[in-house]
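From first to last, the protein sequence lines are chains A, B, C and D. Counted the way my numbering counts, the first sequence spans residues 13 to 353. Counted the way my numbering counts, the second sequence spans residues 13 to 353. Counted the way my numbering counts, the third sequence spans residues 13 to 353. Counted the way my numbering counts, the fourth sequence spans residues 13 to 353.
Check before you lean on any hint, since a few could be wrong.
It does not matter which identical chain is used: a pair holds within one copy or between any two.
To be verified - Heads up, simulated SDA-like pairs for lysine to any residue below, C-alpha to C-alpha not over 20 Å straight-line: (1) Lys173 / Asp116; (2) Lys344 / Ala202; (3) Lys14 / Val26; (4) Lys241 / Ser130; (5) Lys344 / Pro329; (6) Lys173 / Gly260; (7) Lys344 / Thr283; (8) Lys173 / Ala310; (9) Lys173 / Asp40; (10) Lys259 / Val42; (11) Lys344 / Arg172; (12) Lys14 / Met24; (13) Lys259 / Gly233; (14) Lys344 / Cys109; (15) Lys173 / Pro334.
If you're looking for bench data, these hints aren't it; they were derived computationally from the structure.
4 protein chains.
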Amino acid sequence: MKAVRLHGYDQMPVVEDVPVPKVSGPLDVVVRIGGAGVCRTDLHVIEGQWQQAMSPSLPYTLGHENAGWVEEVGSAVTNVAVGDTVILHPTPTCGLCRACRAGDDMHCTQSSFPGLDSDGGMAEYLLTSARACVRLDPGTRPEDVAALADAGITAYHAVRKAIPLLHPGTTAVVVGAGGLGHIGIQCLLATTATGVVVVDPNAAALELATELGAHHTVQAGDSAVDAVKELTDGEGAEVVLDFVAEKGAENSSFAMTRPGGSDFVIGYGGTLNIPTLDVISTERNIIGNIVGTYNELAELMVLAQRGLVTLHTRTYPLDAAPDALRDLEAGKIRGRAILVP
Amino acid sequence: MKAVRLHGYDQMPVVEDVPVPKVSGPLDVVVRIGGAGVCRTDLHVIEGQWQQAMSPSLPYTLGHENAGWVEEVGSAVTNVAVGDTVILHPTPTCGLCRACRAGDDMHCTQSSFPGLDSDGGMAEYLLTSARACVRLDPGTRPEDVAALADAGITAYHAVRKAIPLLHPGTTAVVVGAGGLGHIGIQCLLATTATGVVVVDPNAAALELATELGAHHTVQAGDSAVDAVKELTDGEGAEVVLDFVAEKGAENSSFAMTRPGGSDFVIGYGGTLNIPTLDVISTERNIIGNIVGTYNELAELMVLAQRGLVTLHTRTYPLDAAPDALRDLEAGKIRGRAILVP
Amino acid sequence: MKAVRLHGYDQMPVVEDVPVPKVSGPLDVVVRIGGAGVCRTDLHVIEGQWQQAMSPSLPYTLGHENAGWVEEVGSAVTNVAVGDTVILHPTPTCGLCRACRAGDDMHCTQSSFPGLDSDGGMAEYLLTSARACVRLDPGTRPEDVAALADAGITAYHAVRKAIPLLHPGTTAVVVGAGGLGHIGIQCLLATTATGVVVVDPNAAALELATELGAHHTVQAGDSAVDAVKELTDGEGAEVVLDFVAEKGAENSSFAMTRPGGSDFVIGYGGTLNIPTLDVISTERNIIGNIVGTYNELAELMVLAQRGLVTLHTRTYPLDAAPDALRDLEAGKIRGRAILVP
Amino acid sequence: MKAVRLHGYDQMPVVEDVPVPKVSGPLDVVVRIGGAGVCRTDLHVIEGQWQQAMSPSLPYTLGHENAGWVEEVGSAVTNVAVGDTVILHPTPTCGLCRACRAGDDMHCTQSSFPGLDSDGGMAEYLLTSARACVRLDPGTRPEDVAALADAGITAYHAVRKAIPLLHPGTTAVVVGAGGLGHIGIQCLLATTATGVVVVDPNAAALELATELGAHHTVQAGDSAVDAVKELTDGEGAEVVLDFVAEKGAENSSFAMTRPGGSDFVIGYGGTLNIPTLDVISTERNIIGNIVGTYNELAELMVLAQRGLVTLHTRTYPLDAAPDALRDLEAGKIRGRAILVP
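For reference, chain A alone in the conformation it holds in the complex (with noise of 0.2 Å):
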């Protein structure tokens, strides 16, 4: 089968030929993929950011956002049968740890990332478990969902953490109206009463937040602190969600927040540089957020099927991957590129 894998750091993945995986696990499962989503973090893969954190064997296959129809399953496999329509959560984990336990499936001390430290989903058949399958209704096209398995679960996790900071009077910034953030936007808006405003230096993506439903847009820059202190009296927001924190943007989304708010690092790739007195003389927090549970995966699919949420994305066939990647790296996409294999 064809996959797109990347053969060294700082260099563009190829499509290439490899064996189609198979079950051998009892609780194994195998899906024709339908839908993979191009994210930000493959170009941080490339790059060899997560290199250390998940130290891969390359050549590996990317694409840790995907959905499709299960193709084959092992003998202990009882939620997902052949033929079934699914969106995978992207950490396929044990089960059986406390983290697994409290439903914190981020924190399986046992789980696997494909894409990121075993072979992913942009190709046309993928290795996951049974743990790891959502199902979804037949109808489904997984090319229209996919995004959600990774952009979607990220930054529904991160609303969903927020929300209870968010009653009506209070402001969250989306800093980043991207893949995961026009997803943030709407889950804000249909999960609260919050005044959203969106931070972006693309008039494209603050014209698609308009469109979303955002009460207020600001041009990136170095007056976009100032700007969201006048959209709040002057004091920050409750909840600013950083989908960038890199190029500065790390730093300035904690200077949006005001007295008592809260900073959700959800990007990545930049330092945070604080001073503590601003931390405590004004009890400010940082929170991280790394993908989500998979009970939060099919709450985000109620959402998307009663059409709260709605995908911006732009589809590429699976050859086209070197396309995607460099469209997203040129700040090319609106919403999410999703390869059809």
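The hints should help you fit chains B, C and D onto chain A, whose structure is shown.
Below, chains B, C and D without anything else, positioned relative to chain A:
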């Protein structure tokens, strides 16, 4: 009356005569000071660290950790009477803003902070307000409890926020077993069944920690992060309470947290320098903390009355305030220094 | 001035002349009433249901749901001025007890409840306190918002407590779509993405519910529990908001919850009759609710200003108070009746 | 093997020979029983109270509180091995439903409840599943810990839910200091600084409560509600843990709560009879509780290993099960009866 007054930054305050404060507003209360704590924040005030945030007019009287007896009350004061023994919440609040109406005294939009932005309690008398007064059993000696008014409430506030994270089987690391930390250890032991690890450079402080019931102690220094990991199955702690947050502790404290863990910043002076990748890849949090609520001070007094929190203090006459500040700076105080006018 | 006064239980209140109230304490506020809501609780007061809990001295003025303009203020009032448009939190509080210091206005140990235990707002003027006043945009017509002061805050308070239980994919059942319920529906839709099912015996009420956006309606009656179960995969709802809680609704509402579900009791008059085996075998909860906090009233005003909560009201002149009470009793009010002096 | 089997309701179970259970599914585990607790629920099962909810086929083996050694494992079991000492979560769960994925083992839609709906552990061997096994230190004697598998987890679960309500200065009332209650007292003391009041009709039980550290004891009976109010400034307790919930305790427990308080129902058999006016006028809650989560059982084992929870037990040989049941019925057991095969 005598008062300990700061005339310029980076110079020792002087003990000099000033007029006794008088009640003018209907909710004013004048307290005769029985004990005024000496805090690392006083050193930071002298160094000018709070100049920008608080902009006090010099000269003014230091002292934000006070207890004593009510001397005079305004016409609308109903909760205390002349002669009552009281401990004082450090920030008199308005009672009417959203934060006050939610019990978040620290975020009152109209509060003052005597000793930081106006005349404090290192003096014979202090002007405060009805809302700051917690009435005590008449037999209580103010000098015995004064340290709870700031060191205590601050430590307790952070511990109380951490309680939901500290189920049996978890570990809480206390970084710094001084004035705040030695209270934090006791609050953790009184209100949770977590395992308590204490990190400090000072052997006497670690000895005190052990006497107070800490389960493990670790010598501060280059190997402290590794030592904490060894005590926690290689993972790190669910909660780190960083009572130092300067001179590198601010970053090593974060490094002591496990995936999903939280670093509570309580001390200050240093600068966080943390890649956002480290925040998100393991979904860790940095939690700001400042003082605590009025109700928390009242709760802490319950712990003290029941003997679950005891203070290690060393008293100095008011005139010896410079000696107390120098001893604190030199690391010679085990627990807390208290001025007794 | 004219006032609607209760002279004896089980008899209609009379409209009669009484002296205008005057400011005496430093925090007193006199409000000229612009709108006073008529509530099922007024019927219950007349029936004597509150006699034991509140023990008011008869005769006294009814009316616990009020908005108007500030007429006179005490010497220590700083948060409102003569002429301000205000909506009034129903229970003036002390601001000093533990409950007030935690933001739990409903549990203030010193509060009064005008209209239940002292003279209320079905009159030309009402005596209240500074802490009860929420300042509004000067253009607001008090008669348009008065119903938010009790019906609104009570519905919003219960919904706000339920929010953490109402993730996407859940169901909330609103039992009773009258004065409170029609606001509760809107609060649910504004602040969550839960599915909303409304149960009421009245076809017009169900029609209003549908107009407001409810996802399903169910005719109250013997088959209502089964109908709710059919809408919820046979399991029942995560949350039931029982705005009736009398005449059997109190027990059928509990029966509508699923395992692990919560029955929020908001109405009253009936008696729960539930085997403890039913409570524990499925781990279900019964949650009491009363009024709401000052901050919740302020949050609700934000929802109203943004058009997310609109009131269905019918105005009556003050003299027609007995007609309004009779219409409410007869089930003729769609939404809320408002007296306009 | 020998097993204690129920042949009909309202008659004593008999000890008889049955075949040893065998592993059939890939996740099955057979455990050699080292200790099986005797619980008031066994009496209720015999009385037929659970017949409708659980509909077991008679005859079947009782016993839902078990510990022992792994005897045989299915092909897909990875978390335990033959010979391991284990304590068993009472409800083997599916691991795949929403409740399991959220850590709410009690609400698994596919779980069984051996001893209630299928063969339990009052026998030489028990068939359970991998997900029910908590591995213990090999030196642990199963008979010493078995009571934690149901009495313990149930008490701990309720206490853990109550912790956020139990800050210093509050009161928790434990109604019933028997098998569950004597563990609940210890869990409260280990994980909070609340004041603990214990109510029981039995002088020996109250004496045990005092030995365990309860701050006050109250003789159950007509004056118990008044006695609790006297100990709580006339207001009642923030939390009541009702381990009895029959014979009137279910209603007097509610009456012991203060305004805003919560009545945790854990025992069962009686019927709540509470006017909704009493629920809403003071905003009180009734909280259902059933067993607990796998992680909670693991946390409780930590408390036990640290000596913070110790069990008072009395052992009987398996053949003497009828004696143990009769002694429990007669109120002759201080703590818990344990059958040792």
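A quick look at each hint next to the structure:
1. Lys173 / Asp116: The answer is both: 13 Å in one copy and 19 Å across copies each meet 20 Å.
2. Lys344 / Ala202: Neither. Shortest intra-copy (27 Å) and inter-copy (34 Å) distances fail the 20 Å Cα cut-off.
3. Lys14 / Val26: within (10 Å within a copy, 66 Å between copies)
4. Lys241 / Ser130: neither (44 Å within a copy, 27 Å between copies)
5. Lys344 / Pro329: within (17 Å within a copy, 63 Å between copies)
6. Lys173 / Gly260: neither (24 Å within a copy, 30 Å between copies)
7. Lys344 / Thr283: neither (25 Å within a copy, 36 Å between copies)
8. Lys173 / Ala310: Intra 16 Å, inter 23 Å, cutoff 20 Å: intra-copy only.
9. Lys173 / Asp40: neither (31 Å within a copy, 37 Å between copies)
10. Lys259 / Val42: For Lys259 and Val42, neither the intra-copy (39 Å) nor the inter-copy (52 Å) Cα distance is at most 20 Å.
11. Lys344 / Arg172: Close neither inside one copy (29 Å) nor across copies (41 Å); limit 20 Å.
12. Lys14 / Met24: Close inside one copy (16 Å), not across copies (68 Å); limit 20 Å.
13. Lys259 / Gly233: within (11 Å within a copy, 32 Å between copies)
14. Lys344 / Cys109: neither (42 Å within a copy, 40 Å between copies)
15. Lys173 / Pro334: Close neither inside one copy (35 Å) nor across copies (47 Å); limit 20 Å.
Figure legend: structure checked against the earlier numbered hints; hints not met, in rising order: 2, 4, 6, 7, 9, 10, 11, 14, 15.
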